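A.B. asks: Below, each chain spelled out in residue letters.
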Amino acid sequence: MNKNCLLCGVGGQGVVLASKLIAYAALEKGLKVRTSETIGMSQRGGSVVSHVRMGEEIYSPMIPMHSADVILAFEPAEAVRNLSYLKKGGVAVVNKKAVKPVTAALGQSPYDGEEMLCCLRKQVEQLYVVDGEEICRRAGSPKVLNVALLGAALGSGALGLSPGDIERQLEGAVKPQFAAVNREALRMGAALAQNRPGYERPEER
Amino acid sequence: MAKRLLMGNEAIGLAAVRAGVNLVCGYPGTPSTEILETVAANNQDKRIHVQWSVNEKAALEVAAGGAYAGARTLVTMKQVGLNVASDPLMSLAYVGVKGGMVIVAADDPGPISSQTEQDTRHFGAFSKLPVFDPVSPEEAFDMVGEAFDLSEQYHTPVILRPTTRVCHGCAGIETGESQKRKAPEGFVKDTARWVIFPRLSYENHKKIEARNVELSKVFSSCRYNWIEGDLEAEKGIASGGVSYTYMKETDLEGVKILKIGTPHPFPEELAVQFLTGLSEVLVLEELDPVIEKELVYVAGKYHLPVTVRGKLTKDTKNAGENSVESVREDLSRFLPECKNLRKQAEEADKAGEVPKLPVRPPVLCAGCPHRASFYAVKEAVGQRKAVYSGDIGCYTLGNAKPLDMVDTCLCMGADVTVAQGLHIIEPDAVNFSFIGDSTFFASGITGVVNAVYNGTDIILVVLDNSTTAMTGHQPHPGTGVTMMGDVTQKVSIEKVLEGIGVQKIVTADPLNLSEAVAAVRDVMEGSKVRAVIFRSPCIAVTKAASRYKVEESKCTSCGQCIRKLGCPAITRKKEQVWIEPSLCFGCGVCAQICKFHAIKEVSGHE
Chain B
1 MNKNCLLCGV GGQGVVLASK LIAYAALEKG LKVRTSETIG MSQRGGSVVS
51 HVRMGEEIYS PMIPMHSADV ILAFEPAEAV RNLSYLKKGG VAVVNKKAVK
101 PVTAALGQSP YDGEEMLCCL RKQVEQLYVV DGEEICRRAG SPKVLNVALL
151 GAALGSGALG LSPGDIERQL EGAVKPQFAA VNREALRMGA ALAQNRPGYE
201 RPEER
Chain U
1 MAKRLLMGNE AIGLAAVRAG VNLVCGYPGT PSTEILETVA ANNQDKRIHV
51 QWSVNEKAAL EVAAGGAYAG ARTLVTMKQV GLNVASDPLM SLAYVGVKGG
101 MVIVAADDPG PISSQTEQDT RHFGAFSKLP VFDPVSPEEA FDMVGEAFDL
151 SEQYHTPVIL RPTTRVCHGC AGIETGESQK RKAPEGFVKD TARWVIFPRL
201 SYENHKKIEA RNVELSKVFS SCRYNWIEGD LEAEKGIASG GVSYTYMKET
251 DLEGVKILKI GTPHPFPEEL AVQFLTGLSE VLVLEELDPV IEKELVYVAG
301 KYHLPVTVRG KLTKDTKNAG ENSVESVRED LSRFLPECKN LRKQAEEADK
351 AGEVPKLPVR PPVLCAGCPH RASFYAVKEA VGQRKAVYSG DIGCYTLGNA
401 KPLDMVDTCL CMGADVTVAQ GLHIIEPDAV NFSFIGDSTF FASGITGVVN
451 AVYNGTDIIL VVLDNSTTAM TGHQPHPGTG VTMMGDVTQK VSIEKVLEGI
501 GVQKIVTADP LNLSEAVAAV RDVMEGSKVR AVIFRSPCIA VTKAASRYKV
551 EESKCTSCGQ CIRKLGCPAI TRKKEQVWIE PSLCFGCGVC AQICKFHAIK
601 EVSGHE
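First to last, the sequence lines map onto chains B and U. Going by this note's numbering, the first sequence opens with residue 1, and the numbers climb by one from there. Going by this note's numbering, the second sequence opens with residue 1, and the numbers climb by one from there.
Derived by calculation from the structure, the hints in this document are not laboratory data.
Derived CB-CB ranges, DEER-like:
hint	chain 1	residue 1	chain 2	residue 2	range
1	B	Arg121	U	Pro336	36 to 44 Å
2	U	Leu312	B	Lys88	32 to 40 Å
3	B	Gln194	U	Gly176	36 to 44 Å
4	U	Phe596	B	Lys97	25 to 33 Å
5	U	Pro402	B	Lys88	38 to 46 Å
6	U	Ser514	B	Leu106	23 to 31 Å
No more than 30 Å apart at the CA atoms, straight line, and that leaves these computed lysine-lysine pairs for DSSO-like:
hint	chain 1	residue 1	chain 2	residue 2
7	U	Lys3	B	Lys32
8	B	Lys122	U	Lys574
9	B	Lys143	U	Lys573
10	U	Lys314	U	Lys235
11	B	Lys88	U	Lys339
12	B	Lys143	U	Lys574
13	B	Lys87	U	Lys356
14	U	Lys401	B	Lys96
15	U	Lys573	B	Lys96
16	U	Lys543	U	Lys595
17	U	Lys401	B	Lys97
18	B	Lys29	U	Lys3
19	B	Lys87	U	Lys343
20	B	Lys96	U	Lys549
21	U	Lys401	U	Lys549
22	U	Lys339	B	Lys87
23	U	Lys248	B	Lys88
24	U	Lys248	B	Lys32
25	B	Lys3	U	Lys248
26	B	Lys96	U	Lys356
27	B	Lys97	U	Lys356
28	B	Lys122	B	Lys87
29	B	Lys143	U	Lys549
30	B	Lys20	U	Lys248
31	B	Lys97	U	Lys543
32	U	Lys490	U	Lys528
33	B	Lys143	U	Lys600
34	U	Lys549	B	Lys97
To spell it out: a stretch of chain B is covered by chain U in this simulated footprint if at least three of its residues, at any positions, have a beta carbon under 8 Å from a beta carbon of chain U; those stretches are:
hint	segment
35	20-29
36	45-51
37	61-70
38	76-86
39	97-104
All values derive from a computational prediction rather than experimental measurement. Positions of the beta carbon are idealized from the N, C-alpha and C atoms, including for glycine.
Pulled out of the complex, with its shape left as it was, chain B reads as follows:
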């Protein structure tokens, strides 16, 4: 059974590392893995997307439309931008905080994060809105947003991987001095999705 996870956000938020962690974990489980990443000009504050695919038989490095099991969005508008990748009944884990582009400050492209969250609430059956800032504050580092969100995705169970599978990959992927805060953020994220305050389950809306 193939699993597809689309990760999206804004350049500099740590999207690529999160996608690598999923891919490493899947590879360790003996699955076939393909990913596709945004590298280059669009990294400079632009929209970034990583596709991670794992399973038995995978050809395309990109996830076909309407077939992502999980969308892991670091920013509400980026979740909406990529919503057509989500399969029917799929899970969306979305960071609450909006990142306003320069174009919004200049008044060329108005943007309201709340409007995006409303749209997601209407269209996504399994939506988890995560207060990533709060987890980062509690974990004690602004750099663990990616792992916190990943934790929530794992907690939802939709990736077919456990928080432990990812924890083992953290060792080699982050510097030793940051391993502990990352583990902490991963666990907090997972706990959120396993029914604690700070996220929204469909029935609580």
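Fit chain U to the known structure of chain B by using the hints.
C.D. replies: Structure of chain U alone, referenced to chain B:
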């Protein structure tokens, strides 16, 4: 052996190491950059000489020299880099090599990070060189070793042309052990072989044509080209590159499939075998209709009653990259009887309504010294008539509003020379040319010589941020470090300009706005070629100095800081101007332009 998760570019670099490569040269360019970096990162014993060359032409020539001496050499670049390297490439194809030489030119359908959607498979045909075209990182890994073997067997450079989705896609790959190879033989004097003359070119041209006929036959049984699917079908699909993987994601039945991994020389015998018995073929490929034209040719040559559809017949799109969805749509039109395809395509059309999304164009980073440099020039010029020629690099982003300081951008180094042409025709304008440090070394210097020699009035602005920023911070001749990890002599931009004969050269720190504006005003007074060197490191190679915040009691919310600079760290919270602390890099430029002194440096953990 366990599989490793490797990006396509890492797979190519590692495959070259496994194949015993001796010399690797290149110039950074998306999507090719990580190939050379991977070799450098897997060179602990320094067995391999790895270098970022000054440009692609230099890289290809250094590698050619190494291959003349019997070494295995690899050259890496993006597709437009091959334009720069085309002079040695075309001639080298006639001369040939002794050691194996593989040229990686990465194409960028879309284009995602490039000026053009050119197709390196055409360059292969133009230069008459063999081309390998991988569908995946795994296939790219395997092709590298075989490309070296083929290169040595036929004494010819071989081109590997991956595309962005192969370069930047990851897959699990078994990498195996490195080959043990004998040391290169060294250069053997043979003027009839290594000195290109018209007579030699004529003789070699005949040999190359004969060789390519032979290679076409060899490639017909090559493991990267095959026929699959329903061999009795009347409809066929031909594909290569990543488009093949998109096709494999669709629910296809009742078609014969041709997969092409060596587009040049085209495997003609295999193509005849494929086309025989078919009435219609759809070709799925990106960039130019290369496979399509080859099939049209083969069908004509062998009088095969088959219609070949693709870009030329407008059955597939002729620009931009393909996707699973675009390929599925193409296929559902081609195979209306295939109901699964239609169903899948219809499902893909269903999408809920979404609010208007914010536009997120790439922007100069918060704290980027280029923003300050552009602003300083804008301030100094004021209402005077001026044209700003820009170049390739992060600073192309200076074209965005509110800076709006890049009026032209063509190709590497063209800012210097385009500015000259503009000025010759319109002498009452002040013509600025903005060039980065890496681009200056790559191809800016000859343009400056041209202006000095011809006495053209231009103001050269070198944006020296001490790195090749856009492609991910590679060192260059001005940085004093090499890819071998050695500290080396720094090439001084000032001394180069002095040596060329530029009379007025001013160096300034762009983050000190009054100094920067004064420097520009100073050079604007003169004539002929004048230069300002704005020197301040890229934020990615330094640590944040401090950060700044808005003092709400002093801020009038006039928004000048936002409207003049377009810094991504400065936004509004409700009406109040707000500097996002996680983004601010402490450049202090906003504090210098605030008339109300409402932006202050934050000390410590305030």
